[in-house]
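Enquirer: Here is what each chain is made of, one letter per residue.
There are 4 protein chains.
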Amino acid sequence: MGLSPEIVEKIKNSFARQAMMATMQAAIASIGRGAVDLTSPLPDSCKQQHGFGHAALTFGLGDSAAGYAALTVMPPEAEVLTSEMKIHLLAPCAGDQIKARGRVIKPGKRLVIVQSDVFAITGDKETHIALMTGTMVPVLPK
Amino acid sequence: MGLSPEIVEKIKNSFARQAMMATMQAAIASIGRGAVDLTSPLPDSCKQQHGFGHAALTFGLGDSAAGYAALTVMPPEAEVLTSEMKIHLLAPCAGDQIKARGRVIKPGKRLVIVQSDVFAITGDKETHIALMTGTMVPVLPK
Amino acid sequence: MGLSPEIVEKIKNSFARQAMMATMQAAIASIGRGAVDLTSPLPDSCKQQHGFGHAALTFGLGDSAAGYAALTVMPPEAEVLTSEMKIHLLAPCAGDQIKARGRVIKPGKRLVIVQSDVFAITGDKETHIALMTGTMVPVLPK
Amino acid sequence: MGLSPEIVEKIKNSFARQAMMATMQAAIASIGRGAVDLTSPLPDSCKQQHGFGHAALTFGLGDSAAGYAALTVMPPEAEVLTSEMKIHLLAPCAGDQIKARGRVIKPGKRLVIVQSDVFAITGDKETHIALMTGTMVPVLPK
Chain U
693 MGLSPEIVEK IKNSFARQAM MATMQAAIAS IGRGAVDLTS PLPDSCKQQH
743 GFGHAALTFG LGDSAAGYAA LTVMPPEAEV LTSEMKIHLL APCAGDQIKA
793 RGRVIKPGKR LVIVQSDVFA ITGDKETHIA LMTGTMVPVL PK
Chain W
693 MGLSPEIVEK IKNSFARQAM MATMQAAIAS IGRGAVDLTS PLPDSCKQQH
743 GFGHAALTFG LGDSAAGYAA LTVMPPEAEV LTSEMKIHLL APCAGDQIKA
793 RGRVIKPGKR LVIVQSDVFA ITGDKETHIA LMTGTMVPVL PK
Chain X
693 MGLSPEIVEK IKNSFARQAM MATMQAAIAS IGRGAVDLTS PLPDSCKQQH
743 GFGHAALTFG LGDSAAGYAA LTVMPPEAEV LTSEMKIHLL APCAGDQIKA
793 RGRVIKPGKR LVIVQSDVFA ITGDKETHIA LMTGTMVPVL PK
Chain Z
693 MGLSPEIVEK IKNSFARQAM MATMQAAIAS IGRGAVDLTS PLPDSCKQQH
743 GFGHAALTFG LGDSAAGYAA LTVMPPEAEV LTSEMKIHLL APCAGDQIKA
793 RGRVIKPGKR LVIVQSDVFA ITGDKETHIA LMTGTMVPVL PK
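Residue numbers (my numbering), protein chains in the order written: chain U, 693 to 834; chain W, 693 to 834; chain X, 693 to 834; chain Z, 693 to 834.
What the hints contain is simulated information worked out from the structure, not anything from laboratory work. Check each hint, because a few of them may be wrong.
Here are some chain Z residues the structure puts well away from chain X; computed CB gaps all over 10 Å [said to hold, decoys possible]:
#, residue
1, Leu695
2, Ala714
3, Gly724
4, Lys739
5, His742
6, Pro767
7, Asp788
8, Gln789
9, Arg793
Calculated cross-link-like contacts (lysine to any residue; reagent style SDA-like; alpha-carbon spacing at most 20 Å) [stated by the list, open to error]:
#, chain 1, residue 1, chain 2, residue 2
10, W, Lys801, Z, Gly743
11, W, Lys801, Z, Ala786
12, U, Lys798, X, Arg802
13, X, Lys702, Z, Ala770
14, U, Lys798, Z, Ala786
15, Z, Lys801, W, His820
16, Z, Lys801, Z, Pro830
17, X, Lys801, W, Ala721
18, X, Lys801, U, Leu832
19, X, Lys798, W, Glu818
20, X, Lys801, U, Phe744
21, U, Lys801, X, Glu818
22, U, Lys834, W, Glu818
23, W, Lys798, W, Thr814
24, X, Lys798, W, Asp809
25, Z, Lys702, X, Glu818
26, X, Lys801, U, Gly800
27, W, Lys834, W, Pro767
28, W, Lys798, W, Glu818
29, W, Lys702, U, Arg793
30, Z, Lys702, Z, Glu818
31, X, Lys798, W, Lys798
32, Z, Lys798, U, Arg793
33, U, Lys702, U, Ile723
34, W, Lys704, U, Phe744
35, Z, Lys704, Z, Leu832
36, U, Lys798, X, Leu773
37, X, Lys798, W, Ile813
38, Z, Lys798, U, Val831
39, U, Lys798, Z, Glu818
40, W, Lys801, Z, Ala770
Predicted, not measured: the structure shown is a model, and the values here were computed from it. The beta carbon of each residue, even a glycine, is placed where N, CA and C say it ideally should be.
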């Protein structure tokens, strides 16, 4: 099933209004039904004490990718909130860029279960650096 | 049991080298044995699409507070890595500042279990905005 | 605020219908608003290969305590489902009995955030053996 | 890379000593490197108040499958402990049997990150009922 242009537009507009995404120099790589990919070039402003990307960068990119993936299975007027999220950090956040692949595991009217996998990419080598699972909640206008 | 000045110094130095903490305008509020508090004034660069602090800000502050709390119960030469962390977001990240209270739940040689509670503070009112639990790992020089 | 006798009765009836609670020889120790305690004497049928209580025993008791705690803040006609739960196992499940203390962290119409702490009790010594946080969902009759 | 007969034997012996697995009428379906499958026919003694399998049954089967999967990548003399585990319950635990597929996500000397997916099986229909991620720790003889 395709994705309506309105929902794609809604996600692009929401993403453009997130200052944190700009701080992370993040970009939308793809938007599909139940699947959104985001990338970031690991800006210096988001690093930790050893020069790797901070866990907050990995978390933020993965959380946003999962949230937008969830938004694609919600009603057009819904906004999305993260209720909870767990992250396993599997390898250092280092490379040319990182990519977060957000996926809907189980859609639902009241909550949407999501997974995000984050990869560090250097040349054509991808390393799985984080595995995240969480709960997204639709927020409807009153 | 008191905390050695060397460990306090080590935490301050590590914190000062974290660019992400500077981006979040974070500051160390207190360092005690198994207990570290960090604050952030919610800079505009860390907001999401509705003007609240981004989940990555809440996560990053809570994760760092928990990591430094864990560092106080590790050998002096250890560095600390987050292995996994779960965050429940309880209320919007809005206020004059947020404060993360990292605590050691169970110290150990191979892993340290931690909790972080994040509060939004406006005037003298504190709102509990996030509950986090996670696993920190000591990294020793070879 | 007190708890209506109807809700106490509802919880006792639901508990009595859970075969798994009988298998765990579990009992209700107390029911309060947003707070339910359950106990189990660690039956042999619920042990693991080293003679300790199995993680499923600790999880099951903590999950049920948290679920019933959530039920006390839901409408009288609601049933409760666990959506997700994380458990940190802090110490071996060994002793005369274990006690799970379920607590509501944040009530809500669509989801209730809960915490459960499980203790092993021997004589008058309590050991904290598990820390759990999770999401409970009310299910209303159609 | 194959799996030594000693490790297969060690897992079978450990499984046979777990009273909780007998209570769950669980059986080993397969053992491979970093991958162990367990099944259970949903015994009445492990049900909850609506006649579905209790979350403790789903958790216990998934946790054990993941733990034995982790054991296949540990030294032959190691025992395994669950440090933490998160479970998302995706659908009711109902069917002819349930199957838990434990997998190693990231092996390591000090901790092994695992995933478990649990399915309810009725005839040839499989329903994904739980997604679990966790941390397993090797315990070596002193």
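Enquirer: Given the hinted pair W:Lys798 and W:Glu818, is their alpha-carbon gap at most 20 Å?
Expert: 26 Å, violated
Enquirer: So if I understand the rule, the pair passes when the alpha-carbon distance is 20 Å or less; does W:Lys834 with W:Pro767 pass?
Expert: 14 Å, holds
Enquirer: Please settle this one: Z:Gln789 was flagged as non-interface, so is its CB more than 10 Å from every CB on chain X?
Expert: 17 Å, holds
Enquirer: Would you mind confirming whether the straight-line C-alpha gap from X:Lys702 to Z:Ala770 stays at or under 20 Å?
Expert: 46 Å, violated
Enquirer: Given the hinted pair U:Lys834 and W:Glu818, is their alpha-carbon gap at most 20 Å?
Expert: 27 Å, violated
Enquirer: Are the Cα positions of W:Lys801 and Z:Ala770 separated by 20 Å at most?
Expert: 17 Å, holds
Enquirer: Regarding the pair W:Lys801 and Z:Ala786, is the alpha-carbon distance no greater than 20 Å?
Expert: This hinted pair is violated, its Cα atoms lying about 42 Å apart.
Enquirer: Sort out whether X:Arg802 lies within 20 Å of U:Lys798, counting only the CA atoms.
Expert: OK: U:Lys798 and X:Arg802 at ~17 Å, within 20 Å.
Enquirer: Mind checking the alpha carbons of X:Lys798 and W:Glu818 for me, to see if they're no more than 20 Å apart?
Expert: Since the Cα atoms of X:Lys798 and W:Glu818 sit roughly 15 Å apart, the hinted pair holds (cutoff 20 Å).
Enquirer: When you check the alpha-carbon spacing of X:Lys798 and W:Ile813, does it fall within 20 Å?
Expert: 18 Å, holds
Enquirer: Given the hint that W:Lys801 pairs with Z:Gly743, test it: the Cα-Cα distance must not exceed 20 Å.
Expert: 43 Å, violated
Enquirer: Is Z:Lys798 within 20 Å of U:Val831, Cα to Cα?
Expert: It is violated: about 36 Å lies between the C-alpha atoms, which goes past 20 Å.
The structure fails hints 2, 4, 5, 10, 11, 13, 15, 17, 20, 21, 22, 23, 25, 28, 29, 30, 31 and 38 (numbered hints given earlier, in ascending order).
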